[in-house]
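Q: So the sequence lines, in the order shown, correspond to chains P and B.
Numbered according to the working numbering, the first sequence spans residues 181 to 337.
Numbered according to the working numbering, the second sequence spans residues 6 to 179.
Hints are computed from structural coordinates only; laboratory data are not their basis.
Mixed in with the good hints, there may be bad ones.
[Said to hold, decoys possible] Quick list of in silico lysine-lysine cross-link-like pairs, DSSO-like style, CA-CA up to 27 Å:
hint, chain 1, residue 1, chain 2, residue 2
1, B, 91, P, 284
2, P, 300, P, 284
3, P, 324, B, 91
4, B, 159, P, 324
5, P, 337, P, 324
6, B, 131, P, 337
[Said to hold, decoys possible] Simulated DEER-style distance windows between Cβ atoms:
hint, chain 1, residue 1, chain 2, residue 2, range
7, P, 258, B, 94, 42 to 48 Å
8, B, 56, P, 192, 21 to 27 Å
9, P, 332, B, 11, 43 to 49 Å
10, B, 149, P, 303, 51 to 57 Å
11, B, 144, P, 285, 38 to 44 Å
12, B, 36, P, 240, 54 to 60 Å
13, B, 11, P, 326, 53 to 59 Å
14, P, 244, B, 144, 38 to 44 Å
15, B, 144, P, 251, 36 to 42 Å
16, P, 216, B, 73, 56 to 62 Å
17, P, 192, B, 149, 36 to 42 Å
We put the beta carbon where it would ideally sit given N, CA and C, even for glycine.
Letter by letter, the chains look like this.
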Amino acid sequence: MSSQSDVVPSILKAFSGKVSELELNPPQSAILVDAAAIRDVFEYLRKDTEFKFDYLSCLSGVDAVEHLEVVYHIFSTETKCKLTVKVKLPPENPEIDSICDIYKAANWYERELSELYGIKVNVHPDMRLLLLPDDWDQGHPMRKGWTGDDFVVMPEK
Amino acid sequence: MGIVSKLPVYMENVPGGGLVTTRLEQVLNWSRASSLWYMLFGLACCAIEMMCTGASRFDFDRFGMIYRASPRQSDLMLVTGTLTHKMAPRIKLLYDQMSSPKYVLAMGGCATRGGPFYYDSYSVVKGVDLIIPVDIYVPGCPPRPESLMEGCMKLMEKVKQEKLVDWSRDVKPE
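Next up, chain P with everything else stripped away, as it sits in the complex (with noise of 0.2 Å):
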């Protein structure tokens, strides 16, 4: 009993209020997650659960101006199951967990997310500047409406 339908449904019986169902799509299942809850339900993913998401394979932000948001992309190299793991976080302040301990690739991604969309990410290891240069002091490029020194917005047609 370890197919990819019954991903979610197990998810949201051992999280039932922390977790809710985005879209049952069999192929690829998401479900979204309260920022508080983030490390408990990776925790269960990675180590409890039959479908033992070992991979992850991707990690990124989404600025949807109302709010922001993260995505986790996790994968079973065992029992083949994906899933989708999305955040919501506010426009203002936003702060996530790290999830370094339990997922090592997170690492980078967590540091790329933090300084293109200034995401703060808490009890991270190494926090240093990944992509951007080293002197950069013009805050987050990936978010909405950002402009910088030498940034050119694309003439309207």
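Add chain B to chain P, keeping to what the hints say.
A: For chain B alone, coordinates are given in the frame of chain P:
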């Protein structure tokens, strides 16, 4: 093949041999233009065209151009590709490490003016000439090897017009 011009000399036959008269400036310029060793600065897809130009099909070697991986041994820096703000201090450092006289060729749209990354980009420097002085611009995205060769031949013409008094110049970007 007539790609590299002959040394401009006046030759006079005298009994028992010959006499060659020329100018020091011309000899030095000729020898420098005929052996422009270039430093690899492959930053993006233009570097693939540069490699192709250096390989046997297009054969940069017949111009006397040999790639060097060290700034100390090179006369010319081929900036081939997209220069990011993160890379900019490094390209400045390597340019400063080259010994004078030194030349820079900006290959492709990105190195010239940011190319397709001119608009809506936070990371790309809008032209290598904002960081280091550029002698030749080669347009294209990416330019074909023929374009790069044309650019290098234009640079050779420039080198041949150098004056002895200019050699000590130390060009600093504004």
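Q: Now tell me, hint by hint, if it's right for this structure.
A: Hints and how they fare:
1. With a CA separation close to 26 Å, the supplied pair residue 91 of chain B and residue 284 of chain P stays within the 27 Å bound.
2. Distance restraint check for residue 300 of chain P and residue 284 of chain P: the Cα-Cα separation of roughly 18 Å lies within the 27 Å cut-off, and the hinted pair is therefore satisfied.
3. Between residue 324 of chain P and residue 91 of chain B the CA atoms are separated by roughly 22 Å; this keeps the pair inside 27 Å, and the hint holds.
4. In summary, the hint linking residue 159 of chain B to residue 324 of chain P is not supported, as the alpha carbons are separated by about 44 Å, beyond the 27 Å threshold.
5. Note on residue 337 of chain P and residue 324 of chain P: the hinted pairing holds, with a Cα-Cα distance of about 20 Å set against a maximum of 27 Å.
6. A threshold of 27 Å between alpha carbons decides the hint, and for residue 131 of chain B with residue 337 of chain P the separation of about 22 Å falls inside it, so the pair holds.
7. Taking the beta carbon of each, residue 258 of chain P and residue 94 of chain B are about 45 Å apart, inside 42 to 48 Å as hinted.
8. Separated by about 54 Å at the C-beta atoms, residue 56 of chain B and residue 192 of chain P break the suggested range of 21 to 27 Å.
9. Under the hint 43 to 49 Å, the C-beta atoms of residue 332 of chain P and residue 11 of chain B, about 48 Å apart, fit the expected range.
10. The beta-carbon spacing between residue 149 of chain B and residue 303 of chain P, approximately 52 Å, falls within the hinted interval of 51 to 57 Å.
11. In this structure the hint that residue 144 of chain B and residue 285 of chain P lie 38 to 44 Å apart at CB holds, the actual value being about 41 Å.
12. The hinted window of 54 to 60 Å between residue 36 of chain B and residue 240 of chain P holds, with their beta carbons roughly 55 Å apart.
13. At about 58 Å, the beta-carbon gap between residue 11 of chain B and residue 326 of chain P stays in the expected band of 53 to 59 Å.
14. Distance hint check for residue 244 of chain P and residue 144 of chain B: the Cβ-Cβ separation is about 39 Å, which falls inside the suggested range of 38 to 44 Å.
15. Here the CB-CB span from residue 144 of chain B to residue 251 of chain P is close to 40 Å, well matched to the stated 36 to 42 Å.
16. Checking the proposed 56 to 62 Å range against residue 216 of chain P and residue 73 of chain B shows it holds: the Cβ atoms sit about 57 Å from each other.
17. For the hinted restraint 36 to 42 Å between residue 192 of chain P and residue 149 of chain B, the CB-CB distance of approximately 58 Å leaves it violated.
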